[in-house]
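Asker: Protein chains in written order, with this note's numbering: chain A, 2 to 362; chain B, 2 to 362.
Derived by calculation from the structure, the hints in this document are not laboratory data.
Among these hints, one or two may not hold up.
No distinction is drawn between identical chains; accordingly, a pair holds when it is met within one copy or between any pair of copies.
Once the Cα atoms are required to be at most 27 angstroms apart in a straight line, the calculated DSSO-like pairs of lysine-lysine come out as [to be verified]: (1) Lys-58 to Lys-79; (2) Lys-200 to Lys-251; (3) Lys-46 to Lys-180; (4) Lys-58 to Lys-142; (5) Lys-292 to Lys-57; (6) Lys-46 to Lys-327; (7) Lys-355 to Lys-180; (8) Lys-251 to Lys-46; (9) Lys-58 to Lys-46; (10) Lys-58 to Lys-293; (11) Lys-355 to Lys-327; (12) Lys-180 to Lys-57; (13) Lys-180 to Lys-251.
There are 2 protein chains.
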Amino acid sequence: MNAKIASLSPSELAYVPFVSVDHMMKNVAAIGIENFIRGLADYIKDDFLRWESFDKKPRIPAHAPQGVIELMPTSDGKTFGFKYVNGHPDNRRDGLQTVTGFGVLSDLATGYPLLFTEMTILTALRTAATSALAATYLAPKGARIMAVIGNGAQSDFQCLGFKALVGITDIRAYDLDPKASQRLARNLAGSGLNVTICKSPEAAIEGAQIITTVTADKKNATILTDNMVGPGVHINAVGGDCPGKTELHKDILLRSDIFVEFPEQTRIEGELQQLPADHEVTELWEVYAGKKAGRTSEYQITLFDSVGFAIEDFAALRFIRDLLPKTGNFIKLDLLADPDDPRDLYGMVLRSQKSGKGAAA
Amino acid sequence: MNAKIASLSPSELAYVPFVSVDHMMKNVAAIGIENFIRGLADYIKDDFLRWESFDKKPRIPAHAPQGVIELMPTSDGKTFGFKYVNGHPDNRRDGLQTVTGFGVLSDLATGYPLLFTEMTILTALRTAATSALAATYLAPKGARIMAVIGNGAQSDFQCLGFKALVGITDIRAYDLDPKASQRLARNLAGSGLNVTICKSPEAAIEGAQIITTVTADKKNATILTDNMVGPGVHINAVGGDCPGKTELHKDILLRSDIFVEFPEQTRIEGELQQLPADHEVTELWEVYAGKKAGRTSEYQITLFDSVGFAIEDFAALRFIRDLLPKTGNFIKLDLLADPDDPRDLYGMVLRSQKSGKGAAA
Numbered sequence: 002m003n004a005k006i007a008s009l010s011p012s013e014l015a016y017v018p019f020v021s022v023d024h025m026m027k028n029v030a031a032i033g034i035e036n037f038i039r040g041l042a043d044y045i046k047d048d049f050l051r052w053e054s055f056d057k058k059p060r061i062p063a064h065a066p067q068g069v070i071e072l073m074p075t076s077d078g079k080t081f082g083f084k085y086v087n088g089h090p091d092n093r094r095d096g097l098q099t100v101t102g103f104g105v106l107s108d109l110a111t112g113y114p115l116l117f118t119e120m121t122i123l124t125a126l127r128t129a130a131t132s133a134l135a136a137t138y139l140a141p142k143g144a145r146i147m148a149v150i151g152n153g154a155q156s157d158f159q160c161l162g163f164k165a166l167v168g169i170t171d172i173r174a175y176d177l178d179p180k181a182s183q184r185l186a187r188n189l190a191g192s193g194l195n196v197t198i199c200k201s202p203e204a205a206i207e208g209a210q211i212i213t214t215v216t217a218d219k220k221n222a223t224i225l226t227d228n229m230v231g232p233g234v235h236i237n238a239v240g241g242d243c244p245g246k247t248e249l250h251k252d253i254l255l256r257s258d259i260f261v262e263f264p265e266q267t268r269i270e271g272e273l274q275q276l277p278a279d280h281e282v283t284e285l286w287e288v289y290a291g292k293k294a295g296r297t298s299e300y301q302i303t304l305f306d307s308v309g310f311a312i313e314d315f316a317a318l319r320f321i322r323d324l325l326p327k328t329g330n331f332i333k334l335d336l337l338a339d340p341d342d343p344r345d346l347y348g349m350v351l352r353s354q355k356s357g358k359g360a361a362a
Numbered sequence: 002m003n004a005k006i007a008s009l010s011p012s013e014l015a016y017v018p019f020v021s022v023d024h025m026m027k028n029v030a031a032i033g034i035e036n037f038i039r040g041l042a043d044y045i046k047d048d049f050l051r052w053e054s055f056d057k058k059p060r061i062p063a064h065a066p067q068g069v070i071e072l073m074p075t076s077d078g079k080t081f082g083f084k085y086v087n088g089h090p091d092n093r094r095d096g097l098q099t100v101t102g103f104g105v106l107s108d109l110a111t112g113y114p115l116l117f118t119e120m121t122i123l124t125a126l127r128t129a130a131t132s133a134l135a136a137t138y139l140a141p142k143g144a145r146i147m148a149v150i151g152n153g154a155q156s157d158f159q160c161l162g163f164k165a166l167v168g169i170t171d172i173r174a175y176d177l178d179p180k181a182s183q184r185l186a187r188n189l190a191g192s193g194l195n196v197t198i199c200k201s202p203e204a205a206i207e208g209a210q211i212i213t214t215v216t217a218d219k220k221n222a223t224i225l226t227d228n229m230v231g232p233g234v235h236i237n238a239v240g241g242d243c244p245g246k247t248e249l250h251k252d253i254l255l256r257s258d259i260f261v262e263f264p265e266q267t268r269i270e271g272e273l274q275q276l277p278a279d280h281e282v283t284e285l286w287e288v289y290a291g292k293k294a295g296r297t298s299e300y301q302i303t304l305f306d307s308v309g310f311a312i313e314d315f316a317a318l319r320f321i322r323d324l325l326p327k328t329g330n331f332i333k334l335d336l337l338a339d340p341d342d343p344r345d346l347y348g349m350v351l352r353s354q355k356s357g358k359g360a361a362a
């Protein structure tokens with residue numbers, strides 16, 4: 002027992018910082034979205050550089066006819082993090098997000114959560130940071146023009162990420178739905194990026210050094226055919242990210258050097274599901290660590306087969322945890338029971354009832 | 002786009018009900034702890050009765066030298082639930098809880114969370130409900146006296162659960178630390194239970210029809226030896242709940258009919274880890290469903306080898322979700338991004354920044 006005895010206010014131990022959607026937007030505004038993506042990329046790179054210290058588990062899925070809910074846990078031996086994320090393609094029809102998420106970072110030494118945060122916006126930002134970071138190693142030097150095929154919710158973040166990290170100045174946008182491209186152009190109007198809306202994928206990739214595919218249909222589609230892809234480009238394939246969902250013709254893969262986050266996962270979820278299980282790929286962490294080469298020639302086609310990996314979320318959670326003291330954009334949640342005497346959990350319940358009041362929620 | 006266009010207030014879709022520790026205590030007070038445990042037991046029984054409709058996954062652990070963090074997901078095909086729980090035996094030394102938890106219930110058809118709640122208190126209550134429910138099938142008829150060996154945080158809840166569901170009137174309490182027994186007796190003073198503090202385990206079990214073992218040490222201990230256990234008793238073994246942690250001498254197990262939640266898990270985590278992998282056990286759901294017998298004779302020793310299972314947490318989450326509209330003891334968290342146009346996530350971020358304000362957290 003200690004000085005807190007018989008106190009009804011939870012101590013600091015009981016509180017977990019919580020970042021709501023509104024607070025996440027305020028955190029982005031506090032440092033600016035490009036700095037935010039740059040910061041995320043730094044944390045992601047840091048964690049990829051210590052790749053071998055992570056416990057890399059496959060995602061744990063719960064399937065329904067309409068979609069999937071996944072838990073993505075990982076740990077570096079000191080800190081534990083997980084993301085909850087859903088993927089429900091038909092949600093849009095009902096005015097819901099197709100992908101939403103939240104995450105938790107915890108101290109593995111005590112088991113206590115350190116952070117609870119929305120991750121719908123954060124996932125969009127970390128996905129862009131992951132793509133742009135990879136492109137700093139894989140895109141041709143001096144790349145300024147990026148084709149963006151698929152102009153949905155993720156496309157804005159990709160454009161801003163590639164502006165911040167790669168120096169892209171021009172976006173050539175294509176979507177089956179011209180309204181989606183107009184939306185993208187409108188949102189990027191004040192960003193400093195020049196956006197050209199294109200009438201076909203072929204028109205979009207004209208002159209582009211980088212091709213980003215980020216379409217949403219949950220099926221094997223062929224957004225790019227082989228004859229559309231010339232030598233020297235970098236393909237940032239973001240949309241193919243679950244079994245049965247791909248965007249590129251197989252022949253493009255066969256002409257490309259393929260870079261991945263975690264091969265065991267990409268072979269199931271990425272473009273790579275079209276190729277034999279032993280097809281050679283390079284892991285990005287090895288490129289960042291200088292163990293393997295990124296782009297080696299100006300004629301090479303490089304392909305980042307992005308599916309998203311738990312360590313990127315872990316890095317994003319770390320970034321937010323470190324940002325919060327600077328911005329103050331969070332509230333404290335009374336999530337953890339904190340009795341005066343840890344063995345006296347019921348005593349806490351009992352005293353709360355007798356007093357007819359408890360601590361603030 | 003719809004009527005919400007350009008609105009900055011999240012719609013109802015964006016909010017997830019959150020039950021803090023304080024609100025959980027208020028929810029317990031609102032209906033009374035015995036009714037609360039009875040309600041939990043009803044929901045647990047309901048879910049055990051549809052056992053085969055659940056996706057039963059093993060827990061997903063992250064280990065550290067100090068303890069473990071586990072994610073426990075399950076789904077019935079319509080609803081998804083998971084619990085985050087830690088077990089850190091040395092936390093008490095630092096004034097922290099050894100076990101804390103929180104949980105989430107979600108709609109599998111949309112992936113959207115329906116409830117986010119503390120589960121430290123809720124887990125203590127559902128563990129008691131699980132034990133007491135099992136005892137209604139396994140304890141000798143007319144049992145009134147229960148020995149409780151180990152008088153830590155879980156013991157109060159066990160006593161109240163057995164009063165509510167089994168009709169126990171007398172508790173015989175023993176702990177290595179007499180202060181723990183005094184604490185238990187003090188907390189139960191107004192409950193209607195008679196509590197006798199005993200000086201040895203042998204004294205505690207005198208005349209008891211039910212023996213509850215609920216000690217906390219993470220080691221293979223022998224709280225009960227074979228000669229202490231007479232015919233006809235029901236043993237409710239709660240403390241042995243992870244690899245390397247057991248409470249009963251192996252010979253007791255060999256004389257008992259053993260009942261378990263989920264054999265695959267109990268064989269690793271429960272008292273059962275002392276026996277060969279093919280030792281016969283009965284699954285509780287089969288007893289509740291009338292497929293297997295519970296207690297069949299007055300001389301039989303029955304043993305519930307309790308380790309805790311995800312479906313109990315799922316049932317507890319359902320119980321809280323259904324209770325909240327009646328008590329109102331929750332707040333709404335702005336956890337889900339809810340742009341006017343689901344494809345326009347960045348537009349929401351952008352408008353929030355331009356307006357210089359966002360929705361309430």
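Asker: If a hint holds in the structure, say so; if it does not, say that too.
Answerer: Verification of the hints:
no., hint, result
1, Lys-58 to Lys-79, "both (16 angstroms within a copy, 25 angstroms between copies)"
2, Lys-200 to Lys-251, "within (24 angstroms within a copy, 75 angstroms between copies)"
3, Lys-46 to Lys-180, "neither (35 angstroms within a copy, 52 angstroms between copies)"
4, Lys-58 to Lys-142, "neither (35 angstroms within a copy, 48 angstroms between copies)"
5, Lys-292 to Lys-57, "within (20 angstroms within a copy, 41 angstroms between copies)"
6, Lys-46 to Lys-327, "within (22 angstroms within a copy, 49 angstroms between copies)"
7, Lys-355 to Lys-180, "between (60 angstroms within a copy, 22 angstroms between copies)"
8, Lys-251 to Lys-46, "neither (29 angstroms within a copy, 52 angstroms between copies)"
9, Lys-58 to Lys-46, "within (19 angstroms within a copy, 33 angstroms between copies)"
10, Lys-58 to Lys-293, "within (24 angstroms within a copy, 38 angstroms between copies)"
11, Lys-355 to Lys-327, "between (40 angstroms within a copy, 21 angstroms between copies)"
12, Lys-180 to Lys-57, "neither (40 angstroms within a copy, 44 angstroms between copies)"
13, Lys-180 to Lys-251, "neither (29 angstroms within a copy, 71 angstroms between copies)"
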